[in-house]
Amino acid sequence: GDSVTQMEGPVTLSEEAFLTINCTYTATGYPSLFWYVQYPGEGLQLLLKATKADDKGSNKGFEATYRKETTSFHLEKGSVQVSDSAVYFCALSGGATNKLIFGTGTLLAVQP
Amino acid sequence: DVKVTQSSRYLVKRTGEKVFLECVQDMDHENMFWYRQDPGLGLRLIYFSYDVKMKEKGDIPEGYSVSREKKERFSLILESASTNQTSMYLCASSYTTYPYEQYFGPGTRLTVT
Chain V
426 GDSVTQMEGP
436 VTLSEEAFLT
446 INCTYTATGY
456 PSLFWYVQYP
466 GEGLQLLLKA
476 TKADDKGSNK
486 GFEATYRKET
496 TSFHLEKGSV
506 QVSDSAVYFC
516 ALSGGATNKL
526 IFGTGTLLAV
536 QP
Chain Z
402 DVKVTQSSRY
412 LVKRTGEKVF
422 LECVQDMDHE
432 NMFWYRQDPG
442 LGLRLIYFSY
452 DVKMKEKGDI
462 PEGYSVSREK
472 KERFSLILES
482 ASTNQTSMYL
492 CASSYTTYPY
502 EQYFGPGTRL
512 TVT
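Taken in order, these protein sequences are the chains called V and Z. Position one of the first sequence corresponds to residue 426 (the numbering used here), numbered consecutively onward. Position one of the second sequence corresponds to residue 402 (the numbering used here), numbered consecutively onward.
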C-alpha cells in the first residue's frame, strides 16, 4: 500500500543553518504531496503542497519539490530560526479514499 | 481561512466515564476525521466520515464511536474511558475533491485517570 518515510529526528541546528528534512514515498498513481508543521501543544498546520511532478511548493521560506523519478519530497529552508522549532510531517494523498498517509514526523530543534 | 475548532484543549476524565469530544468546521467540508497522536506512534486514524450520518473505521476504532448529525460537526465518543486512551486527539476536515488537503483543529489533550 501507499506509504511515506521521513528521516528520523530529532534534527538539531543552530540559528541561520540550512535545513533539509528527507521524505520519500511509495504510491500507485499520482499522489499529491504535503508538508505539515506542528508547533508545541498545537494541531497540524498545512505548510506547503505540490500536486504534480516537478511542482515546487513554498511557504514561509520553506520549499519542497515533487520529484517523481526519485519518489521524494524533501523539505528545505535556507536559514532556520528558533521559531521554526516544531515537528514536521510529510504526507501524501491519492486513490479513492480521500485519506492522507502521514510520515512519523521529524522533530526540529533550532538553537540560538 | 478554514477554521476547525475542538470543544476543549485539555480534558481530565476518570476511568469508566463516557467522554464526548466535539469538532466543528466552518468550510462546508464533506470529509471529517478523528486521529490520535502518541509519542513514537505518529498520527493514527480512528474514524472518518465523508457525509452526514456516514462513518468509516480507520486504523484503530476499538473503544471509540462517532456521530455526524450535521455536516459541520463530528463527535468522537469514548463509551467507557480507559487509561490507555490518554492521548492527544486531533480533528481534521477536507473536501472530497483532489488534492484532499486536510485542515486540523488545535487538538484536545485527554487524560484518563
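Keep in mind that the hints are not guaranteed to be accurate.
Pairs of lysine to aspartate or glutamate residues, derived as DMTMM-like cross-links and limited to a Cα-Cα distance of at most 25 angstroms, are as follows [as the list claims (entries may be wrong)]:
#, chain 1, residue 1, chain 2, residue 2
1, V, Lys481, Z, Asp402
2, V, Lys485, Z, Glu480
3, Z, Lys456, V, Asp427
Reference listing, derived: stretches of chain Z covered by chain V, where coverage requires no fewer than 3 residues with Cβ under 8 angstroms from a Cβ of chain V [to be verified]:
#, region
4, 450-456
5, 495-509
The hints are simulated quantities; they were obtained by calculation from the structure and are not laboratory data. Quick reminder that beta carbons are idealized off the backbone N, C-alpha and C, glycines included.
Hints and how they fare:
1. Distance check on the hinted pair: Lys481 (chain V) and Asp402 (chain Z) sit about 22 angstroms apart at the alpha-carbon level, within 25 angstroms; holds.
2. With a CA separation close to 42 angstroms, the supplied pair Lys485 (chain V) and Glu480 (chain Z) exceeds the 25 angstroms bound.
3. Under the criterion of a C-alpha separation no larger than 25 angstroms, the hint pairing Lys456 (chain Z) with Asp427 (chain V) is consistent with the structure, at around 22 angstroms.
4. Figure legend: the region 450-456 of chain Z, annotated as covered by chain V; annotation inconsistent (1 residues with Cβ-Cβ distances under 8 angstroms, at least 3 required).
5. For the region 495-509 of chain Z, the proposed coverage by chain V is satisfied: 12 residues have a C-beta within less than 8 angstroms of a C-beta in that chain, meeting the threshold of three.
Of the numbered hints given earlier, the model fails hints 2 and 4; all others are met.
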